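Asker: Chains as they are written, first to last, in this note's numbering: chain A, 1 to 342; chain B, 343 to 684; chain C, 685 to 1026.
Keep in mind the hints are simulated off the structure, nothing from the lab. A few of these clues could be false.
[Stated by the list, open to error] Computed, partial: chain C to chain B, Cβ under 7 Å:
(1) Phe690
(2) His816
(3) Tyr888
(4) Ile892
(5) Ala895
(6) Ser970
(7) Ile973
(8) Phe974
(9) Pro977
(10) Met994
(11) Lys1002
(12) Ala1003
(13) Val1005
Quick caveat, the model's predicted, so the values are computed rather than measured. All C-beta atoms in this analysis are idealised placements derived from N, C-alpha and C, irrespective of residue type, glycine included.
Each chain, letter by letter, is given below.
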Amino acid sequence: MRIGQFQDHSVLGFVDWTLRGVGQVVFQNNPLAGLVILAGLFVNSWIYAMICVLGVVVSTLTAIVLKADKALIREGLFGFNGALVALALIAFTSEDFRTGAVPSVAMTFYLVCAAALTTMAFATIATLLGPHKVAPLTMPFVLVGWLFLFAVLKFDAIEAGPMAKPISPDQFAYDTPYNLNTWYMGIGTSIGQIFFQDNWISGYIILIGIAVNSRIGAAMGLLGAAIGTVVAVLFGGPEGAIRDGLFGYNSALTAIALGGFFLVMNWSSLFYAIFGAIVSAWLWASIAIFLKPIGMPVLTSTFVLVTWIMLIGQYAFKALVPVPPAEATTPEDNRRRYLAGR
Amino acid sequence: MRIGQFQDHSVLGFVDWTLRGVGQVVFQNNPLAGLVILAGLFVNSWIYAMICVLGVVVSTLTAIVLKADKALIREGLFGFNGALVALALIAFTSEDFRTGAVPSVAMTFYLVCAAALTTMAFATIATLLGPHKVAPLTMPFVLVGWLFLFAVLKFDAIEAGPMAKPISPDQFAYDTPYNLNTWYMGIGTSIGQIFFQDNWISGYIILIGIAVNSRIGAAMGLLGAAIGTVVAVLFGGPEGAIRDGLFGYNSALTAIALGGFFLVMNWSSLFYAIFGAIVSAWLWASIAIFLKPIGMPVLTSTFVLVTWIMLIGQYAFKALVPVPPAEATTPEDNRRRYLAGR
Amino acid sequence: MRIGQFQDHSVLGFVDWTLRGVGQVVFQNNPLAGLVILAGLFVNSWIYAMICVLGVVVSTLTAIVLKADKALIREGLFGFNGALVALALIAFTSEDFRTGAVPSVAMTFYLVCAAALTTMAFATIATLLGPHKVAPLTMPFVLVGWLFLFAVLKFDAIEAGPMAKPISPDQFAYDTPYNLNTWYMGIGTSIGQIFFQDNWISGYIILIGIAVNSRIGAAMGLLGAAIGTVVAVLFGGPEGAIRDGLFGYNSALTAIALGGFFLVMNWSSLFYAIFGAIVSAWLWASIAIFLKPIGMPVLTSTFVLVTWIMLIGQYAFKALVPVPPAEATTPEDNRRRYLAGR
């Protein structure tokens, strides 16, 4: 299937762009990848799948109404932060984090505004980082997510669930021993947690969605999740948090970003990505503790912070071969173009 | 009265610049607007009126001593953050927030240094945002205000008042019913709170001050304050906080900034400003909760954050017509120039 | 001794660069200064001296492996943040803050990764500030230090010491009277605290190290430390915190940075540096209180914040004569070049 075949279609075009938006959460500009990922969410909870669609549709529509750059809209770049913020608002205000709950009218209005704001935040962060050729990543989601999650607790019209309290390592017992489940569930759920899916099967389906577009991307995601899990085990993190994928989801994203997507894949960038994944695992714990007194979840802030620290100065290091965001497609393509252009 | 008539005067010039500085808090580069606003403060408390003058004089003088750009000084742009930081330091360290207290010698020295530092912070933030044609807004005040408010509590020589604790929605009862007072007092006090005046009459006088220079500006301020109040009521915010104008002051500023001042007024920017005002009302609550454990007030951080998120990326959206800060005068003028230049 | 004599040596070159790295913590690009400073650490604790060497070696090696700019490496600019982060991690996880403890294997691996990350953070912050001709200062250390200090507390494999709790003014009694010790110990320890040495003799040795390269630099450091101490005494800060040098170390760094190093020394910049030192003393207390609920130490964040606020906008003030970081050598040289070039 040629992946661009619906991108120009008058009606199906919008469907294509929003599916790409779902894929862009994990750097996959591919509608089929987005569809498989949505299926992964659906397996866990139809509510989350619907909410993800709502978020991506709202933020993409906002970009269209504001007359943003057509090319960026068509690549799904205005959609992925909207999808994430919608998922986060439901996840942290629902009685049951695992399945989510259908939002009230007030909550839906609130969530739609949050998703719309991510479109403006994306343009703003892209503007600020533009001169340095670094992408906004999921920072619009993290910023808007934090801002909107907190206010939730102060309005009577919105019921905050028990999970409005953050997921921090302190909530888990330290004396549970590690076992086989820790490993295969921890790694799978790490991928699932990127989309707030506390479900290891969803995680592996999402990984398949990534592989539809890029084998290297999927391999780096798996490697990153595994590194996050290994680091947490070696340094004695609490078993429950590891199995829930909390140490791994930022590591997985960092590994995908640095491992071939924003840096041409070679030995240097592979080691760089592994280093980033290790650091992300530690710093998830760090940011979780930092946010504890104010009761906010980490979201993907660790991934953004580590990746920015490691990428904004990229042109200072001649051992790395940067790929500007506007040219980043897949690790495979990035490397092919680089080798051809040398 | 020609508003520029004293700007070049050798002695009265400085008076003109500082009055413009008072007006610039609400984007009014007009000495008469500044004078009416000062009268609004005086009606509430002569102490606050004097402190406001002290702050604007110190930060304007600092700019003169450091040989800053004459044009910016003459427009009052180095003064408004100094006025606000002086007001905030008195408001949050006085026994009675409403009237303020005459500061001690140690406190006066402290306050003068804080006002002077806002001048440097203004130059720094203007430098950072320069390439993106976005103004520092009241960020110098927010930054310096937070930094200086906290240290206050640690020095024996400065007596911190009971209001050194932040104004957060939690301090108000949730079961008080809304009534007519909630509305006209809430909206008026929202304008007053921009200058830390917990007085609805002062608020309406300040609104008149704005109207002296720009009807659209005053209308947007009123609209923003009303939106903040409506949103808080619809979402069930605590009555006391709404009546005290706490949900509305950031909304009012956001509406003035986006509604014709930094964006040419048209249907798009009107909706954009309304959206910003709604979001500002929610996010005041959010930042208040964020700051609660560290005991800091929100100040106008919500307004700055929302306006920056919505403006820095402005050139990405062709539905908006940006007005660079150096050219922004009044909504009326901005629109006239734009229509003439098309 | 010609200070550049080993800089090009094939083997001793690396030693020269790392000693310069130690000196760069206090802006001294001079291996002999670095050596004297290391001696100052050794007098207090051989463990800290070794850890300082480990940190500077790791971050300098990381820069070499990543093929960073040779000139920056040779000036020790990739080393000083690594030295500081290594010292901080030991200081805040050791049973005894004063002497430090030999780290475990897990801690050593952790510390090495943190030091390596400062190299990337340095490149990133230098990139962001590049257009404004302002240096990253010790921000890479502050950022990475905070991130790594926190996670420490969450892993069983790393033992956190009692000092993992922050040094905040609240930990000290307010009723202890000031005496002669407060003064000479407070000022000396202020210099020592820059390197986490709670030892006033170390502080004065470090000052000698600075004087080896620049008399003005040493004088400004002493002046800054004295100002920090005086301000804390006048405003009634707790005696224990003053004697431990906590109010003075940020003031000392700010005074060195603004007093001749990044601004040509003249009456304006002298007053500017004094103002900065006063503000830094207050704001150390402010940031300490800000960080208290999350249990993090201030590190040198106050120095970075105040210096950035006062320098990034420097070109807006014609009363100041900026020295771009790439040309800043010593206050003496900066002034000589400026007077020659007029």
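Asker: Each hint needs a verdict: does it hold in this structure or not?
Answerer: Right, here's what the structure says about each hint:
1. Because the closest C-beta pair between Phe690/C and chain B is about 39 Å apart, greater than 7 Å, the hint is violated.
2. Checking His816/C against chain B: minimum C-beta separation of about 6 Å stays under 7 Å; hint holds.
3. Checking Tyr888/C against chain B: minimum C-beta separation of about 27 Å lies over 7 Å; hint violated.
4. Because the closest C-beta pair between Ile892/C and chain B is about 32 Å apart, greater than 7 Å, the hint is violated.
5. Checking Ala895/C against chain B: minimum C-beta separation of about 29 Å lies over 7 Å; hint violated.
6. The interface hint given for Ser970/C holds, since its Cβ lies 4 Å from the closest Cβ of chain B, which is under the 7 Å cut-off.
7. Interface hint at Ile973/C: satisfied, since its Cβ lies 5 Å from the closest Cβ of chain B, which is below the 7 Å cut-off.
8. Using the Cβ-Cβ criterion of 7 Å, the hint placing Phe974/C at the interface with chain B is satisfied: the shortest such distance is roughly 5 Å.
9. Taking 7 Å as the C-beta cut-off, the interface hint given for Pro977/C holds, the closest approach to chain B being about 4 Å.
10. For Met994/C, the interface hint holds, the least distance from its beta-carbon to any beta-carbon of chain B being 5 Å, beneath 7 Å.
11. Hint on Lys1002/C holds. Least Cβ distance to chain B is approximately 4 Å, under the 7 Å limit.
12. Checking Ala1003/C against chain B: minimum C-beta separation of about 4 Å stays under 7 Å; hint holds.
13. For the restraint placing Val1005/C at the interface with chain B, the shortest Cβ-Cβ distance is roughly 11 Å, beyond the 7 Å limit, so the hint is violated.
Hint check: violations occur at hints 1, 3, 4, 5, 13; the rest are consistent with the structure.
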